[in-house]
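Protein chains in written order, with the UniProt record's numbering: chain A, 1 to 265; chain B, 1 to 265.
Hints were generated in silico from the structure; no laboratory data involved. Don't take every hint at face value.
As the list makes no split between identical chains, a pair holds if one copy fits it or if it spans any two.
[What the hints assert, rightly or not] Here are the simulated lysine to aspartate or glutamate pairs, EDC-like style, with alpha carbons at most 20 Å apart:
(1) K240 x E13
(2) K240 x E221
(3) K154 x E73
(4) K44 x E68
(5) K32 x E13
(6) K22 x D104
(7) K44 x D112
Chain by chain, the residues:
There are 2 protein chains.
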Amino acid sequence: MKGADFCSCTPQEVRELIRQGKYNLPTPGMAKGHVQANLVILPKDWAYDFLVFAQRNPKPCPVLDVTEPGDPEPKMIAPGADIRTDIPKYKVWIDGLCVDEPTDIIKYWRDDLVGFLLGCSFTFESALLGAGIPVRHIEIGSNVPMYVTNIQCKSAGRLSGPMVVSMRPIPYTQVPKAVLSTGRFPAVHGAPVHIGNPAAIGIKDIHSPEFGDAVPIYDNEVPVFWACGVTPQAALMVSKPPFAITHAPGYMFVADSLDSSYAVF
Amino acid sequence: MKGADFCSCTPQEVRELIRQGKYNLPTPGMAKGHVQANLVILPKDWAYDFLVFAQRNPKPCPVLDVTEPGDPEPKMIAPGADIRTDIPKYKVWIDGLCVDEPTDIIKYWRDDLVGFLLGCSFTFESALLGAGIPVRHIEIGSNVPMYVTNIQCKSAGRLSGPMVVSMRPIPYTQVPKAVLSTGRFPAVHGAPVHIGNPAAIGIKDIHSPEFGDAVPIYDNEVPVFWACGVTPQAALMVSKPPFAITHAPGYMFVADSLDSSYAVF
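All chains should be modelled from the sequences, with the hints used to inform the complete structure.
Okay, structure coming up:
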């Protein structure tokens, strides 16, 4: 059983399966055509800093929805959903350290918590595939490789940290098309932030990603880097808010919104 | 003396002129090629609600910069500038009523005030003109007509209100090009929100705009409506925060950022 087995399910069906504990794997491929989202939950006291951080760093932190304090329903992108139960795996952070990876967060929920749903690269990967551009980690069935860079995000209040990027090897001849097809989706990371030289953005070893899995890069290919929604998790590690919850990388929130609704042309 | 006489000035020169009280007219045409911005200033206590309001209503409220509480410098889009002095005319709001229209806001400034700089249609008007599409109110030297619609913004906390739109008559044959050329700029209102029928969005009389000046619509033209950065002022009137400051419509903040930097392709 894997995500792609549920590609034709509706987002509501997918969330129901996850909510009932019947699916506990990564979500790529589920409810094809619908947006999947990164999740960051913070106490209201930190929510303003996070929104300003996101405004100043829109490529890694594209905000798709903000829940009301204490209310677990993301009304803009998934009415009726519950961010406490509808993701297969979470990470609970205390003072910047991950202390638990539960399958729901009911016992951690508080009346002052605010959820931020952020755009995810799965949306633009559909655009890449649709443009005939191969996506290596999908071909080989692994997680996308992600790296911490030396690009510092613009800080906001108590939040700061480095940008995390995801990498896809793209054939030289298809790089322009890859830029244009992902550039159509500024609300889900948009165009690449770097093309070609990992060292130029502080990546020491392309074969040792900090998150996800290494993938092979063939001779006719160049590594292309996109801003990644794991960036807020790096900011949590650096900025150490007393309490936070996120999704576990690869285990995303499946929303009702269509991928296509985030294309600007 | 009008804005266009200062089209070749730098943004810094324009702001210096305004700061010294040597220019007190609307800003269209000044420092051509550079972004002009709407301004909303609120106490920190209301700033979170405003940011969530902007996130939920990105077409009328595209946030380009957020200042630190008490700090009048918009560091992202105009380092060294001062939002208290660098706009020719402001509006001061108490409980949703405009009580003053000063030429600087030094005496109103407080340590808890946060400034939000929002994208403005002047950026996409340059794109329209560049695409060979006429812009009526520029042709006839008047202010753009703006209307309060029956489109309700998504509310956020204590903030709610109707969307305000600006209107430009576009020749039928050029409407698709007008949509595409402004759609390239999602960070400055983007594509139109309505084309064709004023009554469909609650506009009773196209010849009586709520803000700005009426403009003629010729036989071969259709009225095209874009989300407008005056929307937050309508939200202030409805939501009545105890204190707020905005720019006066047409008297914008001239930033350093280039118009072209907000194009997504």
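Hint check:
1. In the homo-oligomer, the alpha carbons of K240 and E13 never lie at most 20 Å apart, since the shortest distance is 36 Å inside one protomer and 42 Å across protomers.
2. Taking CA atoms no more than 20 Å apart as the test, K240 paired with E221 passes in neither setting, with 38 Å inside one copy and 57 Å between copies.
3. Proximity of K154 and E73 under a CA criterion of 20 Å is satisfied inter-copy only: 15 Å between copies versus 29 Å inside one chain copy.
4. In this homomeric assembly, K44 and E68 come within 20 Å of each other (Cα to Cα) both inside a single copy, at 9 Å, and across copies, at 18 Å.
5. Taking CA atoms no more than 20 Å apart as the test, K32 paired with E13 passes inside one copy only; the shortest distance there is 12 Å, against 52 Å between copies.
6. Proximity of K22 and D104 under a CA criterion of 20 Å is satisfied intra-copy only: 13 Å inside one chain copy versus 62 Å between copies.
7. For the identical chains of this complex, K44 and D112 are neighbours both inside a copy (5 Å) and across copies (18 Å), given an alpha-carbon limit of 20 Å.
In the structure shown, a violation is registered for the earlier hints numbered 1, 2, in ascending order.
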